[in-house]
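Between the sequences and the hints, there should be enough to build the whole structure, so can you do that?
Given next are the chains, with one letter for each unit.
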Amino acid sequence: MSTTTTPDCKVHPGNPVESFLRTDRMPHIWCPGCGIGTTVNCFTRALIDSKQDLNKLAIVSGIGCTGRVAGYVNLDSFHTTHGRAIPFATGLKLASPETTVVVYSGDGDLFAIGGNHLIHAARRNMDIKVICVNNLTYAMTGGQTAPTTPEDVITATAPYGTYDPAFNLPYLVEAAGAVYVARWTTFHVKQLARSMQEMFAKKGFGFIEVVSPCPTLYQRRNKMGDALDTMKFYKEVSKTKHGAPTSEVGLTKSGEIVVGKFVDRERPDFTTHMHEHLQHSLGDKYIPAEGPVCG
Amino acid sequence: MRLTEIRVAGFGGQGVIMCASVIGRAASIVENGYATMCQNFGPEARGGACSAQLILSPEPVLYPYITNPDVMVLMSQEAYGKFAKGIRPGGTLLVEQDLVRVEGLPVENVKVFAIPATRIAEDLGKRMVSNIVMTGFFGAVTGLMERESLRQAVEDSVPASFAELNRKAFDAGYEYGLKHLQSGALELGEEDPVAISE
Amino acid sequence: MHADPVGVLTGAHFMDGDHAACEGAIAAGARFAAGYPITPSTEVVERFSNRAPRIGATFIQMEDELAASIAILGAVWGGVKAFTVTSGPGFSLMMEHIGYAVMTETPCVFIDVQRGGPSTGLPTLPAQADMMQVKWGSHGDYEIIALCPNSPQECFDLTIQAFNLSEKYRVPVFVMMDEVVGHMTEKVVIPSADKIEVEPRHFTTKDKSSFQLYAPVGEEQTPEMTKVGEGYNVHVTGLTHDERGYPNMTPAVQERMVKRLVTKIRDNAEKICIVEQNQVEGADVVVVSYGITSRVAQRAVEMARAEGLKVGTLRLITAWPFPEHIFRALAPKVKGMVVAELNLGQMVREVSRCAEGKCRVAAVGHAGGTVHNPQDILKAIQEVAR
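Chains as they are written, first to last, in numbering that gives the first Met the number 0: chain G, 0 to 294; chain A, 0 to 197; chain C, 0 to 385.
Hints were generated in silico from the structure; no laboratory data involved. Do not rely on the hints blindly, as some may be mistaken.
Unchecked claim - On the chain C side, residues computed to face chain G include the following (Cβ under 10 Å):
| # | residue |
| --- | --- |
| 1 | Pro36 |
| 2 | Ile54 |
| 3 | Ala56 |
| 4 | Leu65 |
| 5 | Ala74 |
| 6 | Gly77 |
| 7 | Gly228 |
| 8 | His234 |
| 9 | Val235 |
| 10 | Gly237 |
| 11 | Pro246 |
| 12 | Thr249 |
| 13 | Pro250 |
| 14 | Ala251 |
| 15 | Gln253 |
To be verified - Distance condition first, Cα-Cα at most 27 Å in a straight line; then the derived DSS-like pairs of lysine-lysine:
| # | chain 1 | residue 1 | chain 2 | residue 2 |
| --- | --- | --- | --- | --- |
| 16 | G | Lys284 | C | Lys194 |
| 17 | C | Lys207 | G | Lys50 |
| 18 | G | Lys55 | C | Lys205 |
| 19 | C | Lys332 | C | Lys378 |
| 20 | G | Lys201 | G | Lys189 |
| 21 | G | Lys222 | G | Lys201 |
| 22 | G | Lys55 | C | Lys378 |
Virtual Cβ for every residue (Gly too), placed ideally from N, Cα, C.
Written out as structure tokens, the structure reads:
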């Protein structure tokens, strides 16, 4: 297997992802069988393959199990407050336009407490890349109902099964204005890494949902087996449908998981649009912000 | 200039804050004295009550609100009803004569001056500048500051493209004031509040 | 260093406090603001939105105050000076990010134009009732710096000061205006750029192997700063963290880190604190106030002096850290202190604490909506002088 490396990146002969990690922070907090580590593996693979300048890439997380990703990757990394990774990333991107800003967080963080920020960033087409690890529950706090939890699932706060409807994340994000929307599961590691790479290359608000197991709190409570059983389940029920109408990709407890790239469209991103607009309105009087200045 | 308390009031959209602001600017920036302006407005953007309080002084102003106003510029009947009774005895009251009926003022020796500022502004082509007409009138009637200072403050307060119109409005108001100052203030209680107008 | 002349509107202006605060921020070097409309503070960001594209700055209107208050923190780590502005309910929403800014030692400025509360309260009318909230409103132990301007000129001057202190101590600094000061128009003199002292961000020059994002430097006990893209691969977290920024949730690290966050301000309080004292020497009564109330109280003080009472004034320009040393020294020398503020008793608690029973402390509270009647303050002076 050949490995492409970025110039700054020293690839360990044993493990190609090691140089991307803060190995001095290992072991990590994730449970055995958790899917988050798998997504991080795909993320590092995407960074290697996309030849990203790692000094020009920052990662921003919210709070939760996935929120801890920022603490383990050897990049400029920001572990922010619950739900507010996206507005932090918005400020970071506007102040440092040359930085690729990746938001890496969980479903509860991004869609419940942070839902408003997410739809507004998508509306603006802010040039940030959102990776949402969707384990269908609030894992860090012990497996409570999330806005993504499918119906009739047992959670710590729905001991008789959930009955409030769940969000269909790709549908919501497309409607809000994202230019790139895809979904994979942690079974689809190659596709996920490629999709991340594709999203990094695309300007504008990109969104990838990664359906991921929480064997400790979700699968166990719902008698869905262990991590390996979940991989088998993903393999069985996943169906790749690129370009599928997002209105038809909602998740259920045990039904089909539609995966693939659903949206890939063109729309000027916030900063480009802002520059064009202000140039038009102000003409010579417009002095664009030129990134970091700190007199 | 001694300490002078002024209230300018009318309805939103008449530019009463601008009127007070120009006077304050003339006193503090052009004539290098001190001026403090506070404004009150209702939740309505247009048509609601709108009022500015202005204190002019040769020394720094401490207490920010007027307590015993020497001069009032009232541009609506509502403003008159609400504020006129608060003027100090012997104070100077300026009104927009087509919009304010001066009656039942329970304060002694108030000198009342009236001007059809809106009509004058309309004759100049823009009703919008009625506040600047009023500012000119204020300058002439009160004599609180140099004519040129106020005129300068008007220019500094408006976009360059409107400077000419506003200068005209200011001069029209000022001249109107000079002319009618000679004929004496309107006596309170006279039946026709527009007695000194043309 | 001096201010960047690009942002400085040198000259005399007839300007309200909100606009002056915006000009202060620009003069101090702020090139990013995020905000959400709320009365009576909106004029600050309205002005910034107008000025920003002409001076190489960025303004973004966010979806709420939570977003605005963390977007500025993102911008700071992107390498610019940034601020946000709010009032009442918006300030309540920002509390979590005060804590985050403190914990991550992110230099930034919050401007709070105080209005009557609680809740929606009096959107267009003044109060000074967020004075305790700014210090205690976010959870956990922390120290911040809060300044109280009493005129549009000071809104300009102290906003610059706020940015300077935030850079010096890597701490959020608050400009605690009130509606009267925010909406009051007076002469504001903006000096030329070379007369405006600006504290630059203290970017580290250390190399990657020796730089620690949270290792204290100097008597400020404040670490050096960096920004994204410099190759330091920083980790910034609201979790309890060690000098490298790595989460380390042990009582020992908590003790070391939180203590430093607090002591870097407490140990430097005497340097940070600014108060204005007038005729305090030999006074029987000292009237303590801040913001617009200081100007109202002055009228009461003049009336009291006219009656022959020996009255001094002490104005808090810095409300936090509270100038304890000054009050502890003053209390034994006077009969009493009269604390006038547009709330029902906030900073008076600090005054009482520092007076340690050595003089009387009388509160002249006011629920807000307008300023005090000077007579009420006069009565308290007469009472305490007796």
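Hints versus structure:
1. Checking Pro36 (chain C) against chain G: minimum C-beta separation of about 15 Å lies over 10 Å; hint violated.
2. The restraint placing Ile54 (chain C) at the interface with chain G holds, with a minimum CB-CB distance near 6 Å, inside the 10 Å limit.
3. Contact between Ala56 (chain C) and chain G, as hinted, is supported at the beta carbon level, the nearest pair being about 6 Å apart and thus within 10 Å.
4. Checking Leu65 (chain C) against chain G: minimum C-beta separation of about 6 Å stays under 10 Å; hint holds.
5. With a cut of 10 Å, the hint placing Ala74 (chain C) at the interface with chain G holds, because the nearest CB-to-CB distance is about 4 Å.
6. Of the supplied interface hints, the one on Gly77 (chain C) holds, with its beta-carbon coming within about 3 Å of a beta-carbon of chain G, less than 10 Å.
7. Checking Gly228 (chain C) against chain G: minimum C-beta separation of about 6 Å stays under 10 Å; hint holds.
8. For His234 (chain C), the interface hint holds, since its Cβ comes within 10 Å of a Cβ in chain G; the closest pair sits about 5 Å apart.
9. With its C-beta approaching chain G no nearer than about 5 Å, Val235 (chain C) sits inside the 10 Å limit, and its interface hint holds.
10. Given the 10 Å rule on beta carbons, the hint for Gly237 (chain C) holds: about 6 Å separates it from the nearest Cβ of chain G.
11. The criterion of a C-beta within 10 Å of any C-beta in chain G is met by Pro246 (chain C), whose closest approach is roughly 6 Å, and the hint holds.
12. Among the interface hints, the one on Thr249 (chain C) is violated; its C-beta lies about 14 Å from the nearest C-beta in chain G, farther than the 10 Å criterion.
13. At a threshold of 10 Å, the smallest CB-CB gap from Pro250 (chain C) to chain G is about 19 Å, leaving the interface hint violated.
14. At its closest, the beta carbon of Ala251 (chain C) sits 18 Å from a beta carbon of chain G; the interface hint therefore is violated under the 10 Å criterion.
15. Taking 10 Å as the C-beta cut-off, the interface hint given for Gln253 (chain C) is violated, the closest approach to chain G being about 17 Å.
16. With a C-alpha separation of about 26 Å, the suggested pairing of Lys284 (chain G) with Lys194 (chain C) holds against the 27 Å cut-off.
17. For the hint pairing Lys207 (chain C) with Lys50 (chain G), the CA-to-CA distance comes to about 22 Å; that is within 27 Å, so the pair holds.
18. Pair hint Lys55 (chain G) plus Lys205 (chain C) holds up; C-alpha atoms about 19 Å apart against a cutoff of 27 Å.
19. For the proposed pair Lys332 (chain C) and Lys378 (chain C), the alpha carbon gap of about 21 Å is at most 27 Å, so the pair holds.
20. At roughly 19 Å between alpha-carbon atoms, Lys201 (chain G) and Lys189 (chain G) fall within 27 Å of each other, so this suggested pair holds.
21. A hinted pair counts as satisfied when its Cα atoms are at most 27 Å apart, and Lys222 (chain G) with Lys201 (chain G) does not qualify at roughly 40 Å.
22. In summary, the hint linking Lys55 (chain G) to Lys378 (chain C) is not supported, as the alpha carbons are separated by about 64 Å, beyond the 27 Å threshold.
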